[in-house]
Amino acid sequence: MNDLVIEITKLTKTYGEGDIAVHALKELDLQVERGEFVAIMGPSGSGKSTLMNIIGCLDRATNGLYILDGEEVSRLNRDQLAAVRNRKVGFVFQSYNLLPRLSARKNVMLPMMYNGFQNWSEEQRSERASELLDLVGLGDRLHHLPTELSGGQQQRVAIARALINDPSLILADEPTGNLDTRSSTEIMGIFHRLHAQGATIVMVTHEQERAHEAQRVVNVLDGRVVAPQSRIDRLVDA
Amino acid sequence: MLQDTVRPASAGRQTLQDGSFKDLHGMTLSNSFNVAWEGVMLNKLRSFLTTLGIIIGVAAVIVMLAVSAGAEAEIEDQISGLGANLIMVTPFRSFGGVRGAGRGFGGGGPGAITTFTYDEVLFLSQNLDNIAGVSLEQSTTQNVKGGGSTLTGVSIVGVTADFLEVRDYEIGQGRFFTQSENDAIQRVAVLGAGIAEDLFDGNPIGQQVRIGSSRFTVIGVMAEQGVVGATDNDGRIYIPAAVVFKRFGGSGFGGDRVRMILVKAESGDVMDGVMEQITSLLAGRRQIDPSEPNFGVRTQQDIVDARASTTAAFRSLLAWVAAVSLVVGGIGIMNIMLVSVTERTREIGLRQALGARPRDVQRQFLLEAVMLSLVGGLAGLFIGVAGSVVFGALGGMRTELVPLSLPLAFGASAAVGIFFGYYPATQAARLDPIEALRRE
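Top to bottom, those sequences are chains A and B.
Each residue of the first sequence is one higher than the one before, starting from 1 at the first, in our numbering.
Each residue of the second sequence is one higher than the one before, starting from 1 at the first, in our numbering.
Derived from the structure by calculation, the hints contain no laboratory data.
Computed from a prediction, not measured in an experiment: that's the story for all the values here.
There could be a bad hint or two in this list.
Restraint ranges, calculated between C-beta atoms of paired labels, are given here [to be verified]: (1) B/Thr28 - A/Asp29: 33 to 43 Å; (2) A/Arg78 - B/Met397: 51 to 61 Å; (3) B/Thr28 - A/His212: 40 to 50 Å; (4) B/Arg430 - A/Gly16: 12 to 22 Å; (5) B/Thr342 - A/Gly16: 49 to 59 Å.
Only some residues are given here: those of chain B computed to face chain A with a beta carbon under 10 Å [stated by the list, open to error]: (6) Leu350; (7) Arg359; (8) Pro403; (9) Pro407; (10) Leu437.
For each residue, glycine too, the CB sits at the ideal point set by N, CA and C.
Let the sequences and hints guide you as you build the complete structure.
Right, here's the structure in full:
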């Protein structure tokens, strides 16, 4: 039985109405299995960003079905979507999006503020955040403010934050877009390690090289997925 | 079909089942408080300046309430110091709200004030029924010599023999003068407790005092009273009214005119009857229409009521001042919260992405606004209380802290925070996370 984390069927997203309607997504289909590392590529205007927003439950589709981790989320309201994001999606942004006045550890603990982890004591939550920072190699930077960290380090804090609620999916939007080659390689290394441990990762990128580090590349063009290729296919093609 | 793959609930996390997670999701109140407090402390100077309006408003209200309560208490003290069942007969126009007084007598100028003569006082005391006594208080200040010392500027008060009865005062030593001593224009004096102490070491009874240039024999000392209102009753000397009017011709006592006649009724029940008698007797003697007298007959209650309506008007003015300053402070808070929401749009977007519901965002910003105004209210409370105490001690004005100030300061500032914080908080909650995250 194939265990799907993302199951998108005939997904449509239309902005505006009538003559001025823009069809960002046109009956798009996409499936991501548990434990897969998928890269989404596409030129600007292809609908890639819209797709990512819907996958991340930040936006809702106009039509179609989206089942995330066994749950239909296409019809949920704003409150319910917030809960789904909190529990099932770990976001990693291009610009890290850390709160500047909070320490690394407090930043990692942020998502716990919005769910049942509040039943945990402050120490328990701190400890979990510390463990995750240790996992991304920042065990000695717990109390540093984001401004005291390098870009790569900030992105690692963001990854720890994405992991804190044990999400079904890590959704990374251009995670290496703001980083130099060395830091990018480090960040990709962390993703590979998480993938090896069974994490499901969807990464949106425009960098060919980074995309091809993933197990599978999904090309989005004009609101549709074109020629999904596995690495094996690619090797065969080559 | 979707719920068949239920995953075990790990710590702090529950499997989502079409909305059943609702109770588990969302911020605790203490977390909301912490985040809101962080927001307040994020820009301390700005928060302080924002709350300044509230601080000033609340402090001003508390000080003004204390001053008005102090003034009110002072009046109460003075009036209640007069004694019970007392009727005051005053010249028309000397107080507002005169009962039974006609309008427009004598053209309404200052010349219309018609005082009383000593004969009228005697007339009333001889003809009124159901009274305990009639008195008057005609005072001047004189230098007083006695027992080898001299006191300057002592208050000398000419009164009738009924004075003790009328004012409910008590004699401490010796006795008060009698009706016959008064009628005989005897130069006897009753000293206030403080005067007796200042002048004489031993027993003052039977000693001589020189008031101005006249010698008086001390026949009694009043019981100690302390300071009532602004008046030091222990610092007075009482002499027979007849001496004042017949011997001195009222010189130095404000002429031979009596400014106020005090009548004490036998009991509260006969007050109205006594008042009617006064009006008809005095009007009859003056040969004027009793329905348009040129004097006022009033009870203490009338004065208290008149004062109360004045203070009520003052209070409502204060309430308006308070309301205006709080509204201005509230607008300041709303303004700064709108700025804050704009500045922190990206943070709001991030929090939404991480799982904050619109209501979590709303609560965070609403709490922040309430905290700003509550901190302002608290600071205003302290400054107002301290200001009232300092003002009372140094400003030469009596102030009395009103217990109502505390709930008022808190209630009003909390209400201002909620009212003016609601709109910015709702704006924050309405932000679209995608748009918000894109904002620089």
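Take a look at whether the Cβ-Cβ distance between B/Thr342 and A/Gly16 falls inside 49 to 59 Å. Check failed, 26 Å falls outside 49 to 59 Å.
_Status of the hint placing B/Leu350 at chain A (closest C-beta pair under 10 Å)_ = Since chain A brings a Cβ to about 5 Å from B/Leu350, closer than 10 Å, the hint holds.
Assuming the hint says 40 to 50 Å, is it satisfied by the Cβ distance from B/Thr28 to A/His212 or not? About 45 Å separates the Cβ atoms of B/Thr28 and A/His212, which means 40 to 50 Å holds.
Min Cβ distance, B/Leu437 to chain A: is it shorter than 10 Å? holds (7 Å)
Requested in this report: With a cut-off of 10 Å on the beta carbons, see whether B/Arg359 makes it to chain A.
Outcome: This hint holds: B/Arg359 lies near chain A, its Cβ roughly 7 Å from the closest one there, short of 10 Å.
Q) At a threshold of 10 Å, is the proposed contact between B/Pro407 and chain A supported by beta-carbon distances? A) Since the shortest Cβ distance to chain A is 32 Å, the answer is violated.
Mind checking the hinted window 51 to 61 Å against the Cβ distance between A/Arg78 and B/Met397?
With a Cβ separation near 58 Å, A/Arg78 and B/Met397 satisfy 51 to 61 Å, so the hint holds.
Practice prompt. So, B/Pro403 near chain A? Judge it on the closest CB pair being under 10 Å.
Written response: violated (39 Å)
| query | Do B/Arg430 and A/Gly16 keep their Cβ atoms within the hinted range of 12 to 22 Å? | reply | holds (20 Å)
Requested in this report: With respect to the beta-carbon atoms only, verify the hint that B/Thr28 and A/Asp29 lie 33 to 43 Å apart.
Outcome: holds (41 Å)
Violated hints, in rising order: 5, 8, 9; the structure is consistent with all others.
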